[in-house]
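*Asks:* Sequence:
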Amino acid sequence: MSEEQDQDDKTEDPTLRRLEKAREEGQVLRSQDATTASVTLGVISFLYLGGTWLGSNLAEIFESSLSFGGFIREPSAVLIKQFAGALVETFLFLIPIFFVALALVIATAAGIGGFVLSSKAVAPQLSKINPLKGLARIFGLRAIIELLKAVLKFSLVAAFAGTFLYLTLDYFFYLGWADTNLAIKESLNLVFLGAAMTSLALLAIAAIDIPYQRFELIKKLKMSKKDVKDELKEMEGQPEVRQQIRRKQRELAEQRMLDDVPKADVVITNPSHFAVALAYDIEQAAAPRVVAKGSDFMALRIKEKALEVGVEVFEAPPLARALYFSVELGVCIPEALFQSVAQVIAYIYGLSSWRPGLEKPKKPKPKVPSEMNFDSSGNRKVNKKNHVEW
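Every letter in the sequence shown is one number past the one before it in the numbering used here, and letter 275, counting from 1, is 269.
Rather than coming from a laboratory, the hints here were simulated on the basis of the structure.
Hints may be right or wrong, so weigh each one.
[As the list claims (entries may be wrong)] Distance condition first, Cα-Cα at most 27 Å in a straight line; then the derived DSS-like pairs of lysine-lysine:
#1 K227 with K216
#2 K354 with K375
#3 K223 with K15
#4 K4 with K220
#5 K4 with K223
#6 K4 with K15
#7 K143 with K216
#8 K214 with K4
#9 K223 with K213
#10 K143 with K213
#11 K216 with K4
#12 K227 with K4
#13 K242 with K15
#14 K15 with K220
[Said to hold, decoys possible] Computed beta-carbon distance windows for the label pairs:
#15 K15 with L184: 48 to 56 Å
#16 T84 with I178: 13 to 21 Å
#17 G20 with T84: 32 to 40 Å
Model, not experiment: these values are computed from the prediction.
Ideal placement from N, C-alpha and C gives every residue a C-beta, glycine not left out.
Sequences are here, hints too, so could you generate the full structure?
*Replies:* What follows is the structure, given as structure tokens:
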């Protein structure tokens, strides 16, 4: 009862860490029906394609084992020796078939759930020896489902095999009156065809079983809300995880800034060390707003993005530094920079309306108030003048 209650509490899908841990323990997606179908179809195909070679070699083995020359002094000893040799040759002859089946088992398992080697999966578990839990497994819901699956699989395979026998029964009777060589050849063809039909039934079963096994695995690995919170706390406590989270947050923030560059009216640059993108919407704000800003490599990316989407890039080193160090992202510019930025935006608007034959707007040289004069490290410069020009 307590196990059922615990399972009811597990309503959350497994996290990536939970899936990785389960994989380390050997709990991965597997389908016995898919493996059976793959091996059956693969071995049948191998036997069919190499049927002539296989048949001739087996015939030679049995012919040599039944051939005796001259007088035999101890027939029993000779027979044992002959048949022992035939068995060894037959075993060696069937080794390729064994390796084909083994390769198909490994390939199918790797294709469905990946190739996993785990000692925990094969280690003995004392909990499985509990008689009460054993009875619960035998008479539980899962056992009933497995029984129904077995009945359905048997019914489907029997239906395919029965249909094939019904359609070919008359031909089998006809082969009883045919030439021996022809009868053997056609009988083998019919056997291969019947086996292929059965393999199709197994493939149909596998197509149903794989999603079901995935559902069962996810259900088994589900977590409670407490499990998810505990795992998150555990991961956040690890330095490498915290570093990874910060890096991811920084990358997302940078990407959001780049996505906002097309909304800007102008990008003011240092030219290479700093870049600040400004957007001005007179209906929403009284002053231009910083939609993206960055230094060094990020400044270069903002500049490249602006050129890519057709946003004007304006070079003004003191103004770019003033905006970068004094205005936060998403915030309107301070009143001290109104005049400087207004000159730049007026120039940009003038360029957008300029046409050949008209006088081209003169590029301004905006002044920066002395209290807004920063060096490349963000330190304020001391200057006797009230404004700094560039």
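*Asks:* A separate judgement is required for each hint: does it hold in the structure or not?
*Replies:* Here is how each hint holds up against the structure:
no. : hint                      : verdict
1   : K227 with K216            : holds (18 Å)
2   : K354 with K375            : violated (35 Å)
3   : K223 with K15             : holds (16 Å)
4   : K4 with K220              : holds (9 Å)
5   : K4 with K223              : holds (13 Å)
6   : K4 with K15               : holds (17 Å)
7   : K143 with K216            : holds (24 Å)
8   : K214 with K4              : holds (9 Å)
9   : K223 with K213            : holds (19 Å)
10  : K143 with K213            : holds (18 Å)
11  : K216 with K4              : holds (5 Å)
12  : K227 with K4              : holds (18 Å)
13  : K242 with K15             : holds (23 Å)
14  : K15 with K220             : holds (17 Å)
15  : K15 with L184: 48 to 56 Å : holds (51 Å)
16  : T84 with I178: 13 to 21 Å : holds (19 Å)
17  : G20 with T84: 32 to 40 Å  : holds (36 Å)
Of the hints listed earlier, the one the structure fails to meet is number 2.
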